[in-house]
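Each chain, written out:
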Amino acid sequence: MRSALFLLFTFELFMSSRDKIIQAIKAAALEEVPLPAAVGNPITYEDPVQKFSDVAKAVGTSVLEAESHQAVKDHLMQTYIPEVQTRWGLEQPLRMVSTLPEMEGLAEQITDVALDPHSLENVDMAIMSAQFGVAENSALWVPETMIRVLPFICQHLVLLVDSRQILNNMHEAYEKMGLGDDSFGAFIAGPSKTADIEQSLVLGAHGPRSLAIYLMA
Amino acid sequence: MSTKTALDFVSASEHKAFDLQHRKVINFNIDRYDNAVSNGLKQWNNLENAKRKAHSIKWRVMENLDKLLPEFEANFQKNGGKVIWANDTVEAQREILTILRRVQAKKIVKSKSMVTEEIELNAFLENNQIQSVETDLGEYIVQLLGQKPYHIVTPAMHLSLADIAKLFHEKFDTPENATAEQLTLKARELLREEYLLADVGITGANFLIADTGSIAITENEGNARLSTSFPKVHIAIVGIEKLIPSINDLDLYWPLLANHGTGQRLTVYNTILSGPKREGESDGPEEMYVILLDNGRTDLLAQKEQRQGLYCIRCGACLNACPIYKNVGGHSYGTTYSGPIGSIITPHMKGLQEFKHLSYASSLCGKCTEVCPVKIDIQKMLLLNRRDSVKEGFSPQVEQWGWKTFAKVAIKRNWIDFFNGKWKNFFLKKFFTKAWGSKRTLPPIAQTSFSKQWKEQEKKDKTY
Ligand code: SF4
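From first to last, the protein sequence lines stand for chains H and L.
Going by our numbering, the first residue of the first sequence is number 1, and it counts up by one from there.
Going by our numbering, the first residue of the second sequence is number 218, and it counts up by one from there.
Bear in mind the hints are in silico, worked out from the structure with no lab data behind them.
The beta carbon of each residue, even a glycine, is placed where N, CA and C say it ideally should be.
Careful: at least some of the hints might be erroneous.
No more than 25 Å apart at the CA atoms, straight line, and that leaves these computed lysine-lysine pairs for BS3-like [what the hints assert, rightly or not]:
1. K494(L) x K324(L)
2. K284(L) x K26(H)
3. K176(H) x K295(L)
4. K20(H) x K295(L)
Derived, one-sided and incomplete: chain L residues facing chain H with beta-carbon distance under 7 Å [to be verified]:
5. W302
6. A303
7. D380
8. I381
9. A397
10. L413
11. E438
12. N440
13. R442
14. S446
15. V485
Extracted from the complex, chain L is given alone in its bound form (with noise of 0.2 Å):
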């Protein structure tokens, strides 16, 4: 019963977590990561209540989600840009094409967005010969790799220094043993020229902000805007939960975001955009669209249980603290969020069925409950998508056997001491290694039970 998604991330994941080289590129990170973060919140005089208040604006939003959007639209529209809603994957590509054609677009510039990963824009537009170029210095590389994003804030975690100062020397002619401001600065001379002679900008948005209309993007490089000034459209793709009510709650958000994300007070651009160019303005886009992705969002909204798997704000907090992605990587995921958030939302968004196997890759430790900066209570959604996979028969056969045999005997006293190790040995080797997987060996059950043991140890101690 597993499907072919589970069983590619079985394998992928067995051959990442032996990857040692892998392995330590990520650890080496993911510490510098954690440093600049403890840093970075030590800016809150009362972290917890901010987190709180996170969380509680985010529920109103999702309970609001109907009055809400609209109040985004018609605000967006008053000044002056357009608004397209989109189901699905299908409708999102159409209609960016449809604008692209329009305008007669050859070569686009884009700003590191996850939703554009998620309706795969890219692959899309070069089957239609657009040329798009990914212009975050992460995003860039692992373009140029011909490869997916591995985080969802840090894209070329994965990659060393030497691994990019190689693939800038084989593409760019740079020095074999470049350093990272060379790199930066390669990077910074070729994408350059591309802002200037894109037709199209396209983004993504860390908030949509209802009450006035406008989106909120935060990074660091300014990209994004040097990506939304120069052509002449602008389109911003964007998931419906990405809304906040007010333009004042983003005193809340950036900084949250900002610390979670790199562990820096502020990041150092976040610009509010409202519109397309207006009078006495000499430069912006002479077009803005935001395009509203629902593509699965409101499936996960109606359960109303795990619905607070929307309240995300893709800080990638989550990824650094869970040691299941620090072993297996973001590429085994083999989903466009991967990490703890990944696996709570992507069975809702993608069809329980074949994504289901997700929510066992955790080892419920809790710390990415401890970090989420919106206080979504993660291991508590993976247990709930556990039960829902169990309760709609989706789990293995073989294992749902095994459970219920093991659930029965391992309740009672006398059927464990029953069977002697020898058979429970077999019987789990049977029934479990599969979940266990082949590079561990399964550790072999005593020959005497525990209370047979006691009862023995005791008894020779009363000789005594």
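If we strip away everything but chain H, and leave its shape as in the complex, we get (with noise of 0.2 Å):
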């Protein structure tokens, strides 16, 4: 009896972390569950598009609508950076980079992988496209691709999506993402923001100020 508890405790002893918690939640006493129910049927919307723009609009979002991506480009250059310029003071012309080849002659372009993020550090404006969009909360999927940080690090961001690919909830968009590599990347709502003073809301925190969406027809 006495060298079994010896041994018990000489265990203890060389027993890593992992096995210590995995042991301590064994020894809870877990009952056998099953799965859940479902929730019920997720709210659908007789026009997802406008109601996605409605909810942009709401947290701060612009939202335009273009035909091709000439005409985001020309919309841009005639209309929408004029307009930031303003808006936010800037008089130098504006640093625009783009993951988008179509805004090639606009933008900077992003395809060397070897690329240093730190020298994205001054850029004003990120052009990228999101994969999907979201009714109910105008969220935008934004997959990892490539380059991680410049949809933060910019000053102001500007999205392109496909308006078809306007879901209603976030339960069709994880149907739609699966497990595959999409499971990398953001949801993204809205310029950045915080209500950490007196819960007043200020727009642009850490990450872009501003944020455009182009719904593409």
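Reassemble the complex: the two chains are provided individually, in unrelated frames, and hints are given to aid placement.
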């Protein structure tokens, strides 16, 4: 008996933290439980695109429509960029960066994997595409391709999304994502913000100060 | 028999409850929160069902933790990440230090994490000559003041705009009457430097996802993403209860957390991080670690009736709903997790003897249970803790005698009538003043008992 106890004791001594935690969990006498039932039907909308744009505007995002990449480019140059410059008091030309080949000529292209992310420190505007949007909360799924930090370090973010890719709710979103490589990335719903000072909302905390979405026809 | 912790709590809360400025700031902030939440909750067509499902998924997680944790571990390792298990604060600190020493880290950036508060990471790093900078605005503010977070979601809730403007004026020479925008902008500028220079980013996580081996981080500011992208090492330290079975469960938990935490439909950034930088990526950390922390959680798990305290998603709703929290404030609790949820988990994680007094820091009004998005029966947990602490003989001796005698006397009519008001007042004062608090006067008991008065009244009525 004594030696058995001793063995147990020495065993404890040599047990890894992992084993200790798993042991403690097992010792807690868990029950076998079945999977919970589904939650009922999530909300769907008659016009998801309309809903998406209403919710997005309510959280401070600009929502625009465009027929083609060329149209986006034209609108950016003629209207949106000057607007941003006036609104934020930026006189100098903006440093624009994009992961979309279609933005060639307007924005620096990110194609080189060896790029030092620190060199993006002073990007004024980044133009990227989102894979899909969610009407109920205006979130856009931006998968992590090539550059993780760009949508966060830029001062102003522009996202393009195909308007046929606006889903109703998060439930549909996860069905679409599946479990593949797509599970790297972020849902982005609006410009960065904080309410840490007296709960009053300030846009532009650490991430982009503004977000514009182009809904592509 | 009252411990020092308990006495500190009583004196701190007595003090705060009469601090009118404190009350004003908290009420103002919580009012704004309440408005936002009542709006945010409108997005559900069946909130009750969603909460019920959130509860039952967490229930299943706790009952299968022995299988789900290794599942998470295997999947995260497959993605190239490393998993470290830590039994307690000391182990967690040691593991972190080992990594920091190996990569010769001098500066780290942190994004808001209550678990790092739990293991007192900032003080530990400072003692080891490593500078650690909080990047969440609220945390940054309390760090500048040398304080601890006041609230699990809104760390600087106890400060007014004027307080913060004054602080920034003294430290960074911003205008004395700066607006919230100006202050935020200043912090933004200062912290951007820090992300670029830091060697290591340390974060918590809102969820550990078993089937994809990922961590999910929810934030509004973007600081967590910046803290995890630039530095070459990312360490996430996470309590083992943060697990959810599948990435698909986020469709439920993310909105619930956002609605109950700040009233938003969805928090601005909801990130899924599944491992270090991969081939074909130009940034992201070269090494990513997840530290799975126990630190008393398996002790709570061992309490069958009380283990639902582990379902908590740290939304903060029960704090904002709690009349006690609003009066005594987050700092009085003297614990990492304050408010109703802190009161139910701390005694198990850190010892019933020392923290059982928190089970009494409640009016049992039930508001906390009502608002909880994962339907933890907080009220019941408080009562169970009270039961346990009495059972284990942890309630003060004098009060125990007091209650026993009180029970004997109060249930017998003739006993009650036997003592007159003077005696009863003496008895109450003698045995219950401490529990009642020195700033309140015990209401005196009527000289004649209610039943006697009633009888006399009846007699009088009859004579008319
Ligand atoms: S106990 Fe419930 S209400 Fe309180 S913080 Fe946790 S999840 Fe939120």
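We went through each hint and held it up to the structure:
{"no.": "1", "hint": "K494(L) x K324(L)", "verdict": "holds, 21 Å"}
{"no.": "2", "hint": "K284(L) x K26(H)", "verdict": "holds, 10 Å"}
{"no.": "3", "hint": "K176(H) x K295(L)", "verdict": "holds, 23 Å"}
{"no.": "4", "hint": "K20(H) x K295(L)", "verdict": "holds, 23 Å"}
{"no.": "5", "hint": "W302", "verdict": "holds, 4 Å"}
{"no.": "6", "hint": "A303", "verdict": "holds, 6 Å"}
{"no.": "7", "hint": "D380", "verdict": "violated, 9 Å"}
{"no.": "8", "hint": "I381", "verdict": "holds, 6 Å"}
{"no.": "9", "hint": "A397", "verdict": "holds, 4 Å"}
{"no.": "10", "hint": "L413", "verdict": "holds, 6 Å"}
{"no.": "11", "hint": "E438", "verdict": "holds, 4 Å"}
{"no.": "12", "hint": "N440", "verdict": "holds, 4 Å"}
{"no.": "13", "hint": "R442", "verdict": "holds, 4 Å"}
{"no.": "14", "hint": "S446", "verdict": "holds, 4 Å"}
{"no.": "15", "hint": "V485", "verdict": "holds, 5 Å"}
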